[in-house]
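Sequence order for the protein chains is A and B. The numbering of the first sequence is the numbering used here, which starts it at 1 and goes up by one. The numbering of the second sequence is the numbering used here, which starts it at 1 and goes up by one.
The hints are simulated quantities; they were obtained by calculation from the structure and are not laboratory data. Accuracy of the hints is not assured; some may be wrong.
Now the stretches of chain A that chain B is said to cover, found in silico as 3 or more residues with beta-carbon under 8 Å [to be verified]:
1) 21 to 28
2) 36 to 42
3) 45 to 53
4) 73 to 80
5) 99 to 112
The C-beta atom is built at its ideal place from N, Cα and C for all residues, glycine as well.
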Amino acid sequence: MHQNDFRARGHAAWWAFLVHRISGLLLALFLPVHFFVLSQALSRPAQLNDFLAWTRAPGVKAAETLLVLALAAHLAGGVRLLLVEFVGWRAEWQKTALALAGAAALAYALLFALNG
Amino acid sequence: MSGARFAVSGTGDSPMAPSGTRTGVRAAAWRFVLQRASAAVLGLCVFVHLASIVYAVRSGLSAEAIVSRMHANPAWPAFYAIFVVAVAIHAPLGLRAIVDEWLGLRGFVVDAVLALFALVLLGGGLYAIRALAG
Numbered sequence: 001m002h003q004n005d006f007r008a009r010g011h012a013a014w015w016a017f018l019v020h021r022i023s024g025l026l027l028a029l030f031l032p033v034h035f036f037v038l039s040q041a042l043s044r045p046a047q048l049n050d051f052l053a054w055t056r057a058p059g060v061k062a063a064e065t066l067l068v069l070a071l072a073a074h075l076a077g078g079v080r081l082l083l084v085e086f087v088g089w090r091a092e093w094q095k096t097a098l099a100l101a102g103a104a105a106l107a108y109a110l111l112f113a114l115n116g
Numbered sequence: 001m002s003g004a005r006f007a008v009s010g011t012g013d014s015p016m017a018p019s020g021t022r023t024g025v026r027a028a029a030w031r032f033v034l035q036r037a038s039a040a041v042l043g044l045c046v047f048v049h050l051a052s053i054v055y056a057v058r059s060g061l062s063a064e065a066i067v068s069r070m071h072a073n074p075a076w077p078a079f080y081a082i083f084v085v086a087v088a089i090h091a092p093l094g095l096r097a098i099v100d101e102w103l104g105l106r107g108f109v110v111d112a113v114l115a116l117f118a119l120v121l122l123g124g125g126l127y128a129i130r131a132l133a134g
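Chain A with its partners taken away, still in its complex shape (with noise of 0.2 Å):
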């Protein structure tokens, strides 16, 4: 029996879990991609040129912003629930603490993408 009822689900703080969520999921599945990527520096510098040279076409470069987005999010977000757990829980913080982390990680991947 699932315990979230569509009243929980249109909080904002459920949103915040599933971004958390979500954001952690594609960054597990990236990282060993992200390894095996940068460990080809040394022994294969052409290659990894080549790869990094593919990651400034459009296509690519909309999927990295959004995944510089999902880290900021989950940076931005986990750093929220820390202070939850560990500093303490006010109501009246939590819309603000939310619009905050939303804002930080939005502004972080716009730099991303308007960057260089």
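Please build the complex by placing chain B on the supplied structure of chain A, with the hints as guidance.
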């Protein structure tokens, strides 16, 4: 089931998990501590990583540039080694919560696969650092 139930959200310890035993409670408490401690370390690491991504993209992203940055200061390989250890703890514990709560999967086989995933992250991450800084 006798004994107190111990359920911690986000660590794969749903109220349905057979965690009422003394060993189960202890293991769940360890997972809770490890997940939060690694999260705190990762908070700092990811912040630095995000800042360095912007810098790296600006100053040219190539195999040579990445290798030379990693050689510039021995603090970088040390930093990334801490980063890799923390993520090798954090990611499998997060996945454990997801496969438990969303897929209803738990038990020895799940834990064994996740332990293997932790080793893949640890080995792969440290190997990548060696390739970049070695």
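Hint-by-hint comparison with the structure:
{"no.": "1", "hint": "21 to 28", "result": "holds (count 5)"}
{"no.": "2", "hint": "36 to 42", "result": "holds (count 6)"}
{"no.": "3", "hint": "45 to 53", "result": "holds (count 5)"}
{"no.": "4", "hint": "73 to 80", "result": "holds (count 4)"}
{"no.": "5", "hint": "99 to 112", "result": "holds (count 3)"}
The structure agrees with every numbered hint stated previously.
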